[in-house]
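So you can see what is in the structure, the chains are spelled out below.
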Amino acid sequence: MERGLVVTRQLAEGSAIVAHALVEAGCRFFAGYPMTPFTEVLEHMAEALPPVGGLCVNAESELEAVGMVWGAAATGARAATGSTGQGLSLMQESIAEATMAGIGFVVLNMARGQGDYFQATRGGGHGDYRTPVLAPSGPADVTQLVAEAFDLADRWRNPVLVVGDYYLAHTWVDIEVSAGPTVPRPAPAWALDGTSGGSGRAKLVSPLGTAKQRDGVGYDLSEHYAACDRRRQEMTAGITPRSESSAVDDAEIVVVAYGTMSRLAAGAVAELRAAGHRVGLIRPITLWPFPAADVLRAADGARMVVVYENNAGQMIDDVRLALLGATPVVGINGFRTDSSAFGIAPDATVDALCSSVRSLLGGGR
Amino acid sequence: MTNRPDDLRVVPGEVPDDATLVADFTPTLVDVGAHHLCPGCGEPVAIRAVMDALALLDLADRCVAVFGIGCSTAFSNNLDVEVLQALHGRAPSVATGVARMRPELAVFTIQGDGDMANEGLQEVLHAAARGERIVCIMLNNGVFGETGGHLTVTTTVGQRTKNTLEGRDPAQHGHPMQIAELVAGLQGVAYVARGAVNDAGNVARTKRMIVDAFTVARQGLGFALVEVLTMCPTGWFVPTDEAPAYLADTIASTHRVGVLRSELP
Ligand SMILES: Cc1ncc(C[n+]2csc(CCOP(=O)(O)OP(=O)(O)O)c2C)c(N)n1
Ligand code: SF4
Ligand SMILES: [Mg+2]
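If you read the sequences in order, they're chains C and S.
Sequential numbering of the first sequence, starting at 1, is according to my numbering.
Sequential numbering of the second sequence, starting at 1, is according to my numbering.
What the hints contain is simulated information worked out from the structure, not anything from laboratory work.
Because the structure is a prediction, the values reported are computed rather than measured.
Any given hint might turn out to be false.
[As the list claims (entries may be wrong)] One side only, chain S facing chain C, incomplete, derived with CB under 7 Å:
(1) THR28
(2) VAL30
(3) LEU56
(4) ASN78
(5) VAL81
(6) VAL83
(7) LEU84
(8) GLN85
(9) VAL94
(10) ARG102
[Stated by the list, open to error] So the derived label-pair ranges between C-beta atoms look like this:
(11) S/LEU182 x C/PRO50: 48 to 58 Å
(12) C/ASP128 x S/THR147: 18 to 28 Å
(13) S/LYS162 x C/TRP190: 33 to 43 Å
(14) C/PRO34 x S/ASN163: 34 to 44 Å
[Stated by the list, open to error] Some chain C residues judged to face chain S by a derived CB distance under 10 Å, without partners named:
(15) VAL57
(16) ALA65
(17) SER94
(18) ALA189
(19) ASP193
(20) PRO207
Just so you know, even glycine gets a beta-carbon here, dropped at the ideal spot from N, CA and C.
Taking the hints into account, I'd like the entire structure generated from these sequences.
This is the structure in structure tokens:
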């Protein structure tokens, strides 16, 4: 059975759907600090968690929000936090070190536009670490991807990012939602519950490793760092990069776009196809690991690849790395945003993209 | 000082076959008795007091310790109670996450003064004001011992540190903060005390304070803080055997020992 057992049809706002997705995936602890458009999710979580026995804490800062989630996740609970770019910047120390402690949780970046692509995919924090990054296109697939984010966080004991934006938070959609939350999965064996104390083998969860002094290893961290490195390589190999593409087989121009921009691009591609232009679209679903092989395949035979993003040009680097010069790459980015500063780009429209692609095809009409 | 002949020294693992163990001095709930901290350091004494209090209250298998980053971190992988290591300054929020998900447990932090009062001051204040049912324990030696003896917010006036070589001068380096007093003034707080480990009497009083702090938190009365003044001969640049007196004369004259607040019935 697919996740999200369908029972009712509702008109709902994206931020409510994100909150619903978290609860349905078994999230029982959420902490956050308001910042638009993350605030909207926080408000919905404050409403959604208590009825299912969960907790939503209004943390006094993003530093404390991610700290609380570190603690809650260490007890084996599915826990999540989030913010908007700035708040994510504050959380980076904990996100980076949680990868070394083997503590998995979900972090939402309800960003303003797509300017946090580098922060998400390179990791804004310190050290040799990686965090999987999932990018829903909008309310329609966020439920599925939030559930997958928790599965990845559990499987790899690593923080996982889900990136959205103001459009996702505020788009109202007619959507089918499930009856109720799933039952949280039982706590894994490594999780803390206090009971191993006094046994001679009390549990330890630490970014400094879990070797105990009684094992005669002291504080030689090199072993732990090597183990973290192995786990990261295993995770990198173990996660299949994902994408979704349409009309790329015979395409002269292939557009690459993620998140909200992929929906605008899908509209433009449909319109251009209807007008007889050979244009296709590939949408990365996992931003890390990046679906490089899929992009290379989609671009095969194309004259040009267009990277369409709501920032000054960030994902374009990954597309160039994927293609390694095989196909020319052009960026459509750098949109002026409106006065709200929430990352709304009034000029990023289906029509505007259609005319840009038409002129790139050389056949402006 | 007694002169101990070399042949009476017990070398671990080289105990003769016919030897009988007369007494094991490894403290309760500590895995390995020998530690890697400096001779004369007060932190192992304070941690032992915490472990003794847990044993006394029979909480060993119902507790989680959350460690900060400092010299005492050397004990985070040497205890027979569950430990969650936090980042520098972050232990109170991490402990909050544990305590909220597992309200049946005794959740406590062990942090230095640099960790709790410099890097993470807002964390402890917010946890206190939220009335979290956790016990925060601050090992206050007035320096960043771990980095080599640098000024913290609790360093007393006149105290020499690596970056106040002529002694802390308020005109240049600001004034010391009294953390126990600061926390005691907040609503949500049920117990605040400041102990010390410079002599046997103070160790015994400190253990009692820790017992009371856990008791208050377990009864759901609110947040508890125990600040423990600990010797740091290395960071103070004083001889090991003079450190307890230095604590009493210098540190404790600014950070006064005693119970500041108690809602204990
Ligand atoms: C974010 C961050 N900044 C700085 C450090 C370096 N550092 C490690 S321990 C420490 C100070 C510890 O002082 P304190 O908490 O008083 O503990 P003590 O060593 O005195 O027991 C510092 C600054 C760190 N680990 N993390
Ligand atoms: S530097 Fe100070 S606090 Fe650190 S181990 Fe040595 S004496 Fe203890
Ligand atoms: Mg200190």
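Going through the hints against the structure:
Residue-level restraint check for S/THR28 is violated (minimum Cβ-Cβ distance to chain C is 9 Å; threshold 7 Å). Interface restraint check for S/VAL30: the shortest CB-CB distance to chain C comes to about 9 Å, outside 7 Å, so the restraint is violated. A distance limit of 7 Å between C-beta atoms decides the matter here; for S/LEU56 the minimum to chain C is near 13 Å, and the interface restraint is violated. Residue-level restraint check for S/ASN78 holds (minimum Cβ-Cβ distance to chain C is 4 Å; threshold 7 Å).
Nearest Cβ of chain C to the Cβ of S/VAL81: about 4 Å, under the 7 Å cut. The hint holds. For the restraint placing S/VAL83 at the interface with chain C, the shortest Cβ-Cβ distance is roughly 5 Å, inside the 7 Å limit, so the hint holds. This hint holds: S/LEU84 has a C-beta 5 Å from the nearest C-beta of chain C, less than the 7 Å allowed. Hint on S/GLN85 holds. Least Cβ distance to chain C is approximately 3 Å, under the 7 Å limit.
Against a cut-off of 7 Å between C-beta atoms, the interface hint on S/VAL94 holds, since the closest Cβ of chain C lies about 4 Å away. Hint status for S/ARG102: holds, given a least beta-carbon distance of 5 Å to chain C, under 7 Å. As the Cβ distance of S/LEU182 to C/PRO50 is approximately 32 Å, the hint placing it in 48 to 58 Å is violated. For C/ASP128 and S/THR147, the Cβ-Cβ distance of about 24 Å falls inside the hinted range of 18 to 28 Å, so the restraint holds.
Between S/LYS162 and C/TRP190 the beta carbon distance is about 39 Å. The supplied range of 33 to 43 Å therefore holds. Checked against the hint of 34 to 44 Å, the pair C/PRO34 and S/ASN163 passes, with Cβ atoms roughly 38 Å apart. For the restraint placing C/VAL57 at the interface with chain S, the shortest Cβ-Cβ distance is roughly 7 Å, inside the 10 Å limit, so the hint holds. Given the 10 Å rule on beta carbons, the hint for C/ALA65 holds: about 8 Å separates it from the nearest Cβ of chain S.
Using the Cβ-Cβ criterion of 10 Å, the hint placing C/SER94 at the interface with chain S is satisfied: the shortest such distance is roughly 6 Å. A cut of 10 Å between beta carbons decides the hint on C/ALA189: the least distance to chain S is about 13 Å, and the hint is violated. Of the supplied interface hints, the one on C/ASP193 holds, with its beta-carbon coming within about 6 Å of a beta-carbon of chain S, less than 10 Å. Given the 10 Å rule on beta carbons, the hint for C/PRO207 holds: about 6 Å separates it from the nearest Cβ of chain S.
Of the numbered hints stated above, those contradicted by the structure are hints 1, 2, 3, 11, 18, listed in ascending order.
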